[in-house]
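Enquirer: Each chain, written out:
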Amino acid sequence: MDSVPSAVTAISRRPDAIAGLEPASAGIGLRHPHHRALLEGERCTGWLEAHAENYMSGGWSRHVLDRLRETYPISLHGVGLSLGGAGRLDTDHLERLRRLVKRVEPALVSEHVAWTGLEGLYLNDLLPLPWTEEALANLVMHIDQTQSALGRPILIENPSSYLAFRHAEMSEGEFLIEACRRSGCGLLLDVNNVYVSARNLGFDAAAYLQAIPGPLVSEIHLAGHSRRDVEGIELRIDDHGSIVDPAVWALYRATIARIGPRPTLIEWDSEIPSLTVLVEESAKADAILSEFRQQSSAEGTGCHAAE
Amino acid sequence: MLLSDLQHAMRERVLDRSPDRLDGELLEHIDGQGLTPSQRLQIYRNNCLISLTEALKATYPVLHRLVGDGFFRTTAVAFIQAHPPQEPRLAAYGAAFAAFLERYPPASALVYLPDVARLEWALNSAWHAPDAPALTPAEMAQAAETMAPLQLHPACRLLASPWPIEKIWRANQSDGDLDVTIDLDQGGNRLLIYRREFAVALAAISLGEFVMLSRFAPGANLESAMTDALAADPSFDVATALAATLTRGCLTHRPSEAMDED
Numbered sequence: 000m001d002s003v004p005s006a007v008t009a010i011s012r013r014p015d016a017i018a019g020l021e022p023a024s025a026g027i028g029l030r031h032p033h034h035r036a037l038l039e040g041e042r043c044t045g046w047l048e049a050h051a052e053n054y055m056s057g058g059w060s061r062h063v064l065d066r067l068r069e070t071y072p073i074s075l076h077g078v079g080l081s082l083g084g085a086g087r088l089d090t091d092h093l094e095r096l097r098r099l100v101k102r103v104e105p106a107l108v109s110e111h112v113a114w115t116g117l118e119g120l121y122l123n124d125l126l127p128l129p130w131t132e133e134a135l136a137n138l139v140m141h142i143d144q145t146q147s148a149l150g151r152p153i154l155i156e157n158p159s160s161y162l163a164f165r166h167a168e169m170s171e172g173e174f175l176i177e178a179c180r181r182s183g184c185g186l187l188l189d190v191n192n193v194y195v196s197a198r199n200l201g202f203d204a205a206a207y208l209q210a211i212p213g214p215l216v217s218e219i220h221l222a223g224h225s226r227r228d229v230e231g232i233e234l235r236i237d238d239h240g241s242i243v244d245p246a247v248w249a250l251y252r253a254t255i256a257r258i259g260p261r262p263t264l265i266e267w268d269s270e271i272p273s274l275t276v277l278v279e280e281s282a283k284a285d286a287i288l289s290e291f292r293q294q295s296s297a298e299g300t301g302c303h304a305a306e
Numbered sequence: 000m001l002l003s004d005l006q007h008a009m010r011e012r013v014l015d016r017s018p019d020r021l022d023g024e025l026l027e028h029i030d031g032q033g034l035t036p037s038q039r040l041q042i043y044r045n046n047c048l049i050s051l052t053e054a055l056k057a058t059y060p061v062l063h064r065l066v067g068d069g070f071f072r073t074t075a076v077a078f079i080q081a082h083p084p085q086e087p088r089l090a091a092y093g094a095a096f097a098a099f100l101e102r103y104p105p106a107s108a109l110v111y112l113p114d115v116a117r118l119e120w121a122l123n124s125a126w127h128a129p130d131a132p133a134l135t136p137a138e139m140a141q142a143a144e145t146m147a148p149l150q151l152h153p154a155c156r157l158l159a160s161p162w163p164i165e166k167i168w169r170a171n172q173s174d175g176d177l178d179v180t181i182d183l184d185q186g187g188n189r190l191l192i193y194r195r196e197f198a199v200a201l202a203a204i205s206l207g208e209f210v211m212l213s214r215f216a217p218g219a220n221l222e223s224a225m226t227d228a229l230a231a232d233p234s235f236d237v238a239t240a241l242a243a244t245l246t247r248g249c250l251t252h253r254p255s256e257a258m259d260e261d
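Chains A and B, in that order, give the protein sequences.
Numbering-wise, numbering that gives the first Met the number 0 puts 168 at position 169 of the first sequence, and it's gapless, one number per residue.
Numbering-wise, numbering that gives the first Met the number 0 puts 214 at position 215 of the second sequence, and it's gapless, one number per residue.
Since the hints were made in silico from the structure, they are not lab data.
There may be inaccurate statements among the hints.
Unchecked claim - With a straight-line cut-off of 25 Å between C-alpha atoms, the simulated SDA-like cross-links for lysine to any residue are:
no.	chain 1	residue 1	chain 2	residue 2
1	B	56	A	54
2	B	56	A	290
3	B	166	B	71
4	B	56	A	56
5	A	283	A	209
6	A	101	A	65
7	B	56	A	271
8	B	56	A	59
9	B	56	A	183
10	B	56	A	101
11	B	56	A	283
12	B	166	B	129
13	B	166	B	201
14	B	56	B	110
15	B	56	B	223
16	A	101	B	169
17	B	56	A	272
18	A	101	B	91
19	B	56	B	10
20	B	56	A	209
21	B	56	A	53
22	B	56	A	270
23	B	56	A	32
24	B	56	A	119
25	B	56	A	30
26	B	56	B	2
27	A	283	A	230
28	A	283	A	231
29	B	56	B	4
30	A	101	B	129
31	A	101	A	183
32	B	56	A	240
33	B	56	A	241
34	B	166	B	70
Stated by the list, open to error - Covered by chain B, according to a simulated footprint, are these stretches of chain A (three or more residues, beta-carbon under 8 Å):
no.	stretch
35	51-63
36	117-126
Positions of the beta carbon are idealized from the N, C-alpha and C atoms, including for glycine.
Sequences and hints are given; from them, build the entire structure.
Expert: Structure below.
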């Protein structure tokens, strides 16, 4: 994963269409328990990211997103398109996403490098892909189809993994970079996922992050994870149920130092705390972003000085 | 191993169903790194079955309370294995739970359970239903003149049961009275589930009202719906029923297919 395909180094700048949250600030994931507090309170964070699938119906959820988009920039984050699925994309679902994107006009649209089902079944989990040319070509075809349907580029998120396939033909980093290069999509770099996968599969998280070209990264995710002992081996479980691990903060800081500020999301999906706790966590990311924003403007070289 | 073969075999593992014919090949392709391939697959199986069980628990809180956590989880996993979700909106998952319970032997003694499930599904689907403008009094007066067809609002549901499911449901709310004794032979319910100002409500309605509103589900004009209601229920009070229908926002002009647009 240390070798970056040469074509990628030719990408000079993120396309303006996906640099929708400038200057880069921290945001939080929009979750049901916080709907009323966000609707009734003052603006408390830079932006909100909504799981697309939770806002595709009428009634309250539609009302909430329609109101909040008047105050906050919105990012739509899909969890169910199954871009890595071996079958055809669910075109009914793609159409629902297209309609939602048209209505909400989000700053960013993202999905996962994973498969979530097959042939009309949906398994509600982000399942792992083998890093093969076959899986890459299939993923790129589905990203192309999605970007054509939406009429805009999307971001793809690196997975958190609990297993590796023996028949991999490239590293995860190479796979992601090549998917971005072929499809023109951007990368949603989940630093917690990199750390979780690195611990579970025994690779070097810092080296993985170093090998990602900064211009590909349009958004960063941070979240907490837990530890589970399986037969004496400690696995890290990406449950989004706690504050961000110090090791993940350190990797995040090093990444921002290298590539410059990027819109950064705090995700929390289990044992969801009060809005205050989430906002405090996003303020930590904002502090790091503003530190390097000042630095890069002082140097006058933008965010690519380190590359 | 072909990607589609790998995903077929893994799908059966994740749902914890009978091993796929390529299960052995799948295991050979997984690098255990100190664990067995099965142990690593087990993490995905847990994520899938537990998250879907939680989704069902969120949609069916009264069922969960009625049967207890252990029985609910076992039942939910059996349901998930037989009827995995067919699309990624979790709010749309679980419509078949009532029909599943009818044929689920461990629950056969709880005869009212499938209808309680139908009620909870109606409440869930009404909450998530598409928006549509409710008919105003002026529009109703006009529709009475022009004989224009009217539709049941997409957030309205009608449910009839031979069991007292409204009492069972109310007694099992978080603020309900768990000590109440409910006589299963006291007779059933005709229920209207509707949505006003983002809240879903439940009302017991008369036979006449039930027949009238049922006629609007496929689309009907006011006169024919009221004629059918009076034929079924001679004591049907037309004026009161129409006033309640307007207050509850149960009717709309637009056909329901178009509701999900824009």
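Enquirer: Tell me, which hint numbers fail for this structure?
Expert: Failing hints, ascending: 2, 9, 10, 11, 12, 15, 16, 20, 26, 27, 28 and 29.
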